[in-house]
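Enquirer: This is what each chain is made of:
Number of protein chains: 2
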Amino acid sequence: MAILPAKSDFSEWFTQVVGPEGASLADVRYGVQGFIVHMPYGMRILRRIYELLEEEVELDGHEPVLFPTVIKKENLEKEAEHAGFAPDVFWVTKAGTEQLEEPVALRPTGETQIYPMFSLWIRSHNQLPMKIYQSRITTFRNEKTTRPFLRGREFMFFETHNAYAKHSDAEHQIKKDMEIMQRVITKKLMIPFYFFRRTQWDKFLGADETFCADTMMPDGKRNQLSSTHDLGTNFAKAYNITFLDAEGKTQFAYQTCFGPGIWRIMAALIAVHGDDQGLALPSVVAPFQVVVVPIFKTEEEEALVLGAIEELEQHIHYRYYVDRSKETPGFKFNEWEMRGAPVRIELGPNDLKHGTVIIKRRFGAKLVVKMKDFAAALKEELHANDEDLHERAKQYFKDNTREAETLQEIARLINEFRGFIITNWCSTAKDGEACAAKLKEATQGAYVCGERVDEHQPVKKGAKCAVCGKPATARVYVAKSW
Amino acid sequence: MAILPAKSDFSEWFTQVVGPEGASLADVRYGVQGFIVHMPYGMRILRRIYELLEEEVELDGHEPVLFPTVIKKENLEKEAEHAGFAPDVFWVTKAGTEQLEEPVALRPTGETQIYPMFSLWIRSHNQLPMKIYQSRITTFRNEKTTRPFLRGREFMFFETHNAYAKHSDAEHQIKKDMEIMQRVITKKLMIPFYFFRRTQWDKFLGADETFCADTMMPDGKRNQLSSTHDLGTNFAKAYNITFLDAEGKTQFAYQTCFGPGIWRIMAALIAVHGDDQGLALPSVVAPFQVVVVPIFKTEEEEALVLGAIEELEQHIHYRYYVDRSKETPGFKFNEWEMRGAPVRIELGPNDLKHGTVIIKRRFGAKLVVKMKDFAAALKEELHANDEDLHERAKQYFKDNTREAETLQEIARLINEFRGFIITNWCSTAKDGEACAAKLKEATQGAYVCGERVDEHQPVKKGAKCAVCGKPATARVYVAKSW
Chain E
6 MAILPAKSDF
16 SEWFTQVVGP
26 EGASLADVRY
36 GVQGFIVHMP
46 YGMRILRRIY
56 ELLEEEVELD
66 GHEPVLFPTV
76 IKKENLEKEA
86 EHAGFAPDVF
96 WVTKAGTEQL
106 EEPVALRPTG
116 ETQIYPMFSL
126 WIRSHNQLPM
136 KIYQSRITTF
146 RNEKTTRPFL
156 RGREFMFFET
166 HNAYAKHSDA
176 EHQIKKDMEI
186 MQRVITKKLM
196 IPFYFFRRTQ
206 WDKFLGADET
216 FCADTMMPDG
226 KRNQLSSTHD
236 LGTNFAKAYN
246 ITFLDAEGKT
256 QFAYQTCFGP
266 GIWRIMAALI
276 AVHGDDQGLA
286 LPSVVAPFQV
296 VVVPIFKTEE
306 EEALVLGAIE
316 ELEQHIHYRY
326 YVDRSKETPG
336 FKFNEWEMRG
346 APVRIELGPN
356 DLKHGTVIIK
366 RRFGAKLVVK
376 MKDFAAALKE
386 ELHANDEDLH
396 ERAKQYFKDN
406 TREAETLQEI
416 ARLINEFRGF
426 IITNWCSTAK
436 DGEACAAKLK
446 EATQGAYVCG
456 ERVDEHQPVK
466 KGAKCAVCGK
476 PATARVYVAK
486 SW
Chain S
6 MAILPAKSDF
16 SEWFTQVVGP
26 EGASLADVRY
36 GVQGFIVHMP
46 YGMRILRRIY
56 ELLEEEVELD
66 GHEPVLFPTV
76 IKKENLEKEA
86 EHAGFAPDVF
96 WVTKAGTEQL
106 EEPVALRPTG
116 ETQIYPMFSL
126 WIRSHNQLPM
136 KIYQSRITTF
146 RNEKTTRPFL
156 RGREFMFFET
166 HNAYAKHSDA
176 EHQIKKDMEI
186 MQRVITKKLM
196 IPFYFFRRTQ
206 WDKFLGADET
216 FCADTMMPDG
226 KRNQLSSTHD
236 LGTNFAKAYN
246 ITFLDAEGKT
256 QFAYQTCFGP
266 GIWRIMAALI
276 AVHGDDQGLA
286 LPSVVAPFQV
296 VVVPIFKTEE
306 EEALVLGAIE
316 ELEQHIHYRY
326 YVDRSKETPG
336 FKFNEWEMRG
346 APVRIELGPN
356 DLKHGTVIIK
366 RRFGAKLVVK
376 MKDFAAALKE
386 ELHANDEDLH
396 ERAKQYFKDN
406 TREAETLQEI
416 ARLINEFRGF
426 IITNWCSTAK
436 DGEACAAKLK
446 EATQGAYVCG
456 ERVDEHQPVK
466 KGAKCAVCGK
476 PATARVYVAK
486 SW
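Chains as they are written, first to last, in this note's numbering: chain E, 6 to 487; chain S, 6 to 487.
Note that these hints are calculated values from the structure, not bench results.
Be aware that a few hints might be false.
In this list, chains with the same sequence are indistinguishable; a pair is considered to hold if it fits within one copy or across any two.
[As the list claims (entries may be wrong)] Listed below are the simulated BS3-like cross-link pairs for lysine-lysine, each with C-alpha atoms no more than 30 Å apart in a straight line: (1) K136 <-> K331; (2) K331 <-> K254; (3) K365 <-> K466; (4) K331 <-> K181; (5) K78 <-> K149; (6) K475 <-> K377; (7) K208 <-> K99; (8) K475 <-> K331; (9) K136 <-> K242; (10) K371 <-> K399; (11) K99 <-> K371; (12) K78 <-> K99; (13) K136 <-> K337; (14) K337 <-> K171; (15) K149 <-> K83.
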């Protein structure tokens, strides 16, 4: 195990903690840029993220489907604005040594493959809403720069696609998608985020409105964790998704789609909670919530200690791992701190003598606990681990969300540390774009995230746009981006 | 819902039962040959198959990984025999309008992507065995003819890849893989199979030995459900997978890989258990083990019946679905027989009056059960459903496994109904291949499956090869193939 750089050196720290010399989440040595190998420990965490999301969308009535990895050219290009994805699309053109009659695209996202089937499936208002999702799939975009869990040419994907009879049903779903993110990402993974309505100059290609959950990374940059798109009837018109309403009239369906970014959530888990020692995991996603390290010097002690641990295992009602490897206890302590195990248990000859066991949570002190109190103490420490993470993340988020009134002030604050800057804006409609361009230039890249949807933030009387000075119509957040 | 052809018209029956007019497992109207859409009901069954296999291989110490969808050309072609896959491989050659510098292949199977990483990961005998698996992935081959769940250009995949210090560990794993298949496929899914050692002229490209589980479809054709390959050190030599043994000497690793065919298992589930009414599912994979159909005529009755069903739900400790749709009870009975629900419950005004409920399992008669006996009866009927399936499948398998001594007899039996024919063979080494070619010609395609491994079948004294008449060295099974 190599020594980890300090987390303050975020980019280096992230690379190291992700790799085989760190927490063994992913290996970038596959030999094709932007295509990585997900290693066992990383895969176990990613699988838990998938499971939490699957559970939520199924409770909300979405049904599982699986579509092909490839898309017909003709379908990919049907929705005019959406066709803007084209420059990033990979094409399969050959089989063996033969050219394919019609090349097919590697899916960049699911709309253009799913909506032609919606057009075949949907006939009557009785079938609406139709709510489906694809999980544990990957998708492909020819990104220029790549980095594990942040930007890949192939990356993990999860998407819901819905059709409704009324636009109000679509609006209702956007709220539900936000609540799903709050329950999974904030309540379970302990990652705070803001939920924004994006500006009109920065929405998904083909959408009427785009809504996103943005969190903040340790370098103060924004990390987008999900998007929900209000597609109106744009795709329904392009793909001919119609239904007979109760009066027997043919109508176009309204649609939304929701995509939590599995990789982006993973990146936030690693980056928001980790520290100079490595990962720190909320117990809900930790592959092993409890890791047991036996302490012994002689063979005789080893037999006694391992025997006692077998006893102890009966009382651990969590995902646990007993580290019986040949390494030293010190090595194991470091290893499981690197891997972010929420709670470590140590048991040695001294504990056997006194009927005790040592419990240490990731950010806590070693506790010496009587065996009779073990189960209760373990439960408490696991809970405390999650509280630790939650408090730390909330504090960081709060400390780095600041207000500014002018472009100069925004530039100064963004320069100082980045983070989110709250400010006033002339307009989030198309005519506010010119100010966004000026902001970007003056700050070397700051981005207008949009208006908060999870919390109403009224524009104060007399407030003026930070850039053009015209009367403000929106209170927006600004940040640099990953 | 269309009317299903009789199962005796197997090919038509299968197509219909799979599609949206049947049990809604898959839709072939995606528009790219060999690439299908997995519909919700099918997806729920497939997911259960995956879960059962994941559980087993993890208990056996395999760790989850995920590799990219694409493979470097150079790696794909490193193992000389294995490179025989090349004619079926799809190539990604473009991104946007630009040619890629180096085209990449869509994975036809995992060896050539995984073993270069094994070469990086494995250093010492302390790391062995290394056992990993990929699940819920798809793979790609340019097949000429395609059919849902039997042969696709993209199909569902599951694979384990292991490395060992000794060949005996590899042999031990082959036995364990067979036992995993027996536990999942026969004990849980109620599908009988024979486990064969393939002949030397028909093994996996690059393997020393190949072992397969073959079941029988309703048209008497063999359906291969899994393969385990003993790779010896062939791939270790091609990809340089070495380790330092306990004496500090560099050694090549021995390897095996195991691939249960998720689609092939699905095809067997559909085909082996189904009947003229549609699917019949073992309770372990049924999306809904119990389906409740409310019976009523008036609105008043509807309220009473739906209220009583809400009560009843408290006592159903299985995956269940209450069919509240607007269709008639008769339509719902047909629909859930088509979808193979193990047990249907009916509740109507007459039941309310008498404190009873009607339970009907897929192949059983309607039972009128007192409410107090409901929970016990339900449990019994679910168990009986699985027993029904098991008995029917075993009987069919037994009835269609026959013995023959001569080529003519094999040809006659295969012509009569197909099925498995047990016979004597000169050799399963390379020199038995000429007889296999003659068999194939004389029978329009019969295939030598190999020798049984799950049950020892000794060659009788004086037995002669069915084709060449030379002394037999092996008792082999012969069948036509899907």
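Enquirer: Are the hints correct? Go through all of them and say.
Expert: Hints and how they fare:
no.	hint	verdict
1	K136 <-> K331	between (51 Å within a copy, 19 Å between copies)
2	K331 <-> K254	between (73 Å within a copy, 20 Å between copies)
3	K365 <-> K466	neither (52 Å within a copy, 69 Å between copies)
4	K331 <-> K181	between (49 Å within a copy, 27 Å between copies)
5	K78 <-> K149	both (23 Å within a copy, 21 Å between copies)
6	K475 <-> K377	neither (68 Å within a copy, 75 Å between copies)
7	K208 <-> K99	between (34 Å within a copy, 27 Å between copies)
8	K475 <-> K331	neither (69 Å within a copy, 57 Å between copies)
9	K136 <-> K242	within (19 Å within a copy, 50 Å between copies)
10	K371 <-> K399	within (25 Å within a copy, 59 Å between copies)
11	K99 <-> K371	neither (60 Å within a copy, 56 Å between copies)
12	K78 <-> K99	both (15 Å within a copy, 13 Å between copies)
13	K136 <-> K337	between (46 Å within a copy, 22 Å between copies)
14	K337 <-> K171	between (57 Å within a copy, 28 Å between copies)
15	K149 <-> K83	both (26 Å within a copy, 29 Å between copies)
Checked against the numbered hints listed earlier, the structure breaks hints 3, 6, 8 and 11; every other hint is satisfied.
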